[in-house]
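Protein chains in written order, with this note's numbering: chain A, 1 to 216; chain B, 1 to 216.
Since the hints were derived computationally from the structure, they do not count as laboratory data. Hints may be right or wrong, so weigh each one.
Where chains are identical, the list cannot tell them apart; a pair therefore holds if satisfied intra-copy or between any two copies.
[Said to hold, decoys possible] Below, simulated DSSO-like cross-link-like pairs (lysine-lysine); rule was C-alpha separation at most 27 Å, straight line:
{"hint": "1", "residue 1": "Lys101", "residue 2": "Lys88"}
{"hint": "2", "residue 1": "Lys165", "residue 2": "Lys18"}
{"hint": "3", "residue 1": "Lys204", "residue 2": "Lys165"}
{"hint": "4", "residue 1": "Lys18", "residue 2": "Lys44"}
{"hint": "5", "residue 1": "Lys165", "residue 2": "Lys37"}
{"hint": "6", "residue 1": "Lys86", "residue 2": "Lys44"}
{"hint": "7", "residue 1": "Lys18", "residue 2": "Lys177"}
{"hint": "8", "residue 1": "Lys177", "residue 2": "Lys2"}
{"hint": "9", "residue 1": "Lys101", "residue 2": "Lys177"}
Since we're looking at a predicted model, the values are computed, not measured.
There are 2 protein chains.
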Amino acid sequence: MKIGILGTGMVGSTIGTKLIQLGHDVKMGSRTATNEKAIAWAQKNGIHASQGTFTTAAAFGEIVFNCTHGVASIEALNLAGAHNLKNKILIDIANALDFSKGMPPSLSVCNTDSLGEQIQRAFPDVKIVKTLNTMNCNLMVNPNLVANGDHVIFISGNDAGAKAKVEEILREWFEWKSVIDLGDITTARATEMLLPIWILLMGKYQSPNFNFKIVR
Amino acid sequence: MKIGILGTGMVGSTIGTKLIQLGHDVKMGSRTATNEKAIAWAQKNGIHASQGTFTTAAAFGEIVFNCTHGVASIEALNLAGAHNLKNKILIDIANALDFSKGMPPSLSVCNTDSLGEQIQRAFPDVKIVKTLNTMNCNLMVNPNLVANGDHVIFISGNDAGAKAKVEEILREWFEWKSVIDLGDITTARATEMLLPIWILLMGKYQSPNFNFKIVR
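Okay, chain A solo, but in the shape it has when bound (with noise of 0.2 Å):
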């Protein structure tokens, strides 16, 4: 499948390497199609790696994962283009983490709205699946790092036909054992929120290696 990441960050990267790994041709997008980190990225990563700007990245996925920067997304996705992004599923990793205001960040949307839910709002033809925004990249491709892969992914959207295909994805592609719908859009919210626990987690084990169970 042709895959277009967008973002040159250590999210972008690792999922991009993990879908070429899968023999997926992927293409990472930035803001300019010179950025070193991309070019980089899709050098190491052979002839089903290529790298180019947020439009082409966009043009060029059947299937696009939102990888950038939470409090920058909007801003990429319009450079991407609606256009470009009509109709596709747009699997969205982002958190709007907002550290202007020093450390621990906060978050520059939450509790009555999301990221999830302006992304949606601004681009109502694409079909925004939020998922995987609640553990450290590594986990996200690869959940039996830490026991067994017997821990949660939560996964958030309005079109039921894009989840369950987000859900093969995290499935069948990363191994995920455990994927909970939640439901619509709105609830992108519910997984947000998540990130103040998941930093102060991060900071008292000193490693982003862990992620939440639900025992009952």
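Take the given structure of chain A and dock chain B to it, following the hints.
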């Protein structure tokens, strides 16, 4: 020990009853000394149970539990009186859930502040310890109800001695095995922000008998 319980709802009566069973003297406080739920609770729980106003319950307790609705907690604590709480441990279980805009509720304070912090600022001479606010009341006093108690409870507060005492209460009185001290009272933001996903999961499971575990 003499313990004051502020609030006559499910949380207050469940905690109060557990404390009575453990042999403590408990006074349940409410806005008036004629609250029917408080009178019924006191009559049902024997000679070590009593009831009165927020003021008399706060004055009675060597330790006080805030089991009021979060949006009304500051007002209830003002009625209790700062002088009646001075230098005492106040275990703050409340969540600032705002149901005024329908379901699901939003939080009336979050992200850059928390109810725990608001209470600590309003009552600087009281040792606020935020805990027990991230699970159903039956689990609060009996974590072994699910998964043999293999799940977590968080604790936040500025006073190390107060937190040590509350951790002892959680472990020895209520049988919690995994108590995570997140840090000072500002970390209450993170646990209060767990409520949105807790509420979604309760709806999904149609049961409040679940809790979070952290796997590493």
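Hints and how they fare:
1. Lys101 to Lys88: neither (35 Å within a copy, 33 Å between copies)
2. Lys165 to Lys18: within (18 Å within a copy, 47 Å between copies)
3. Lys204 to Lys165: between (35 Å within a copy, 21 Å between copies)
4. Lys18 to Lys44: Within. Shortest intra-copy distance 13 Å satisfies the 27 Å Cα cut-off; inter-copy 61 Å does not.
5. Lys165 to Lys37: This pair counts as neither: shortest intra-copy Cα distance 29 Å, inter-copy 51 Å.
6. Lys86 to Lys44: Neither: 30 Å inside a chain and 63 Å across chains, both beyond 27 Å.
7. Lys18 to Lys177: Within one copy, since 18 Å is at most 27 Å while 38 Å is not.
8. Lys177 to Lys2: within (25 Å within a copy, 48 Å between copies)
9. Lys101 to Lys177: Neither way: Lys101 and Lys177 sit 37 Å apart in one copy and 36 Å across, limit 27 Å.
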